[in-house]
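Top line first, the protein sequences correspond to chains R and V.
Numbering (my numbering) for the first sequence: 1 to 120.
Numbering (my numbering) for the second sequence: 1001 to 1111.
One or more hints might be untrue.
The calculated BS3-like cross-link candidates involving lysine-lysine, where the alpha carbons are at most 30 angstroms apart (straight line), are [unchecked claim]:
hint	chain 1	residue 1	chain 2	residue 2
1	R	Lys44	V	Lys1098
2	R	Lys44	R	Lys83
3	R	Lys11	R	Lys71
4	R	Lys83	V	Lys1098
5	R	Lys62	V	Lys1003
6	R	Lys71	V	Lys1098
7	R	Lys78	R	Lys15
8	V	Lys1069	V	Lys1098
9	R	Lys62	V	Lys1098
10	R	Lys15	R	Lys44
11	R	Lys78	V	Lys1098
12	R	Lys44	V	Lys1003
13	R	Lys11	V	Lys1098
14	R	Lys78	R	Lys11
15	R	Lys44	V	Lys1052
16	R	Lys15	R	Lys62
17	V	Lys1069	R	Lys44
Across the chosen pairs, the derived CB separations fall in these ranges [stated by the list, open to error]:
hint	chain 1	residue 1	chain 2	residue 2	range
18	R	Gln41	V	Met1010	14 to 22 angstroms
19	R	Gln41	V	Lys1069	18 to 26 angstroms
20	V	Ser1028	R	Pro61	26 to 34 angstroms
Now the stretches of chain R that chain V is said to cover, found in silico as 3 or more residues with beta-carbon under 8 angstroms [to be verified]:
hint	stretch
21	41-47
22	112-120
These are calculated hints, taken from the structure and not from any lab test.
For each residue, glycine too, the CB sits at the ideal point set by N, CA and C.
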Amino acid sequence: EAGVAQSPRYKIIEKRQSVAFWCNPISGHATLYWYQQILGQGPKLLIQFQNNGVVDDSQLPKDRFSAERLKGVDSTLKIQPAKLEDSAVYLCASRTSRSGSGGVERETQYFGPGTRLLVL
Amino acid sequence: DAKTTQPTSMDCAEGRAANLPCNHSTISGNEYVYWYRQIHSQGPQYIIHGLKNNETNEMASLIITEDRKSSTLILPHATLRDTAVYYCIVARGYNTGKLIFGQGTTLQVKP
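If we strip away everything but chain R, and leave its shape as in the complex, we get (with noise of 0.2 angstroms):
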């Protein structure tokens, strides 16, 4: 079974430029989540979806930032302007909400490797 993907690995820009994140998640998840993760820190939760819809955007700074998951499947998450402090790795993760699903597999994460975004 594939992973979760993303792409690109790395993206180096400068501030006030703007800048795209691809992930697609593990098949069949209809959960997928957006995470920031700042050099020495923990991922911290940005957005969540079920299937094309928006559970959690609390954390999301929506005067630049903006994700979607138009069908459900793959999601975009945008920033726009950078500035110097969106310098992270920037997370997806999966999870699967079918009911026939063990326990375990209803309640893991699946994370992709990142996105390493400098902004200079």
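Put chain V on the given structure of chain R with help from the hints.
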């Protein structure tokens, strides 16, 4: 969601058991204890979770105290590949659970 307290760093000799403690004194009755780890330059990886009973899987064991205010993750025979940041998280499960990561414990396994 309840907060957790973990030591910043720990060392362990290769082949020995690694015991990683976690305090979660404000945990509520419907919250689980989850452990994830993050190896350098990778995304976090699920290890184990439990509610109140001790749990064991192929990766680790989770010991939760009777009052559920603390827990210990045990890696029975640590290898160099277990060097990572280990996160203890308490959260409601499944549909309503949200993982809030702290700074975790950096475990260094030494030869």
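Indices of hints not satisfied (ascending): When the structure is compared with the hints, none of them turns out to be violated.
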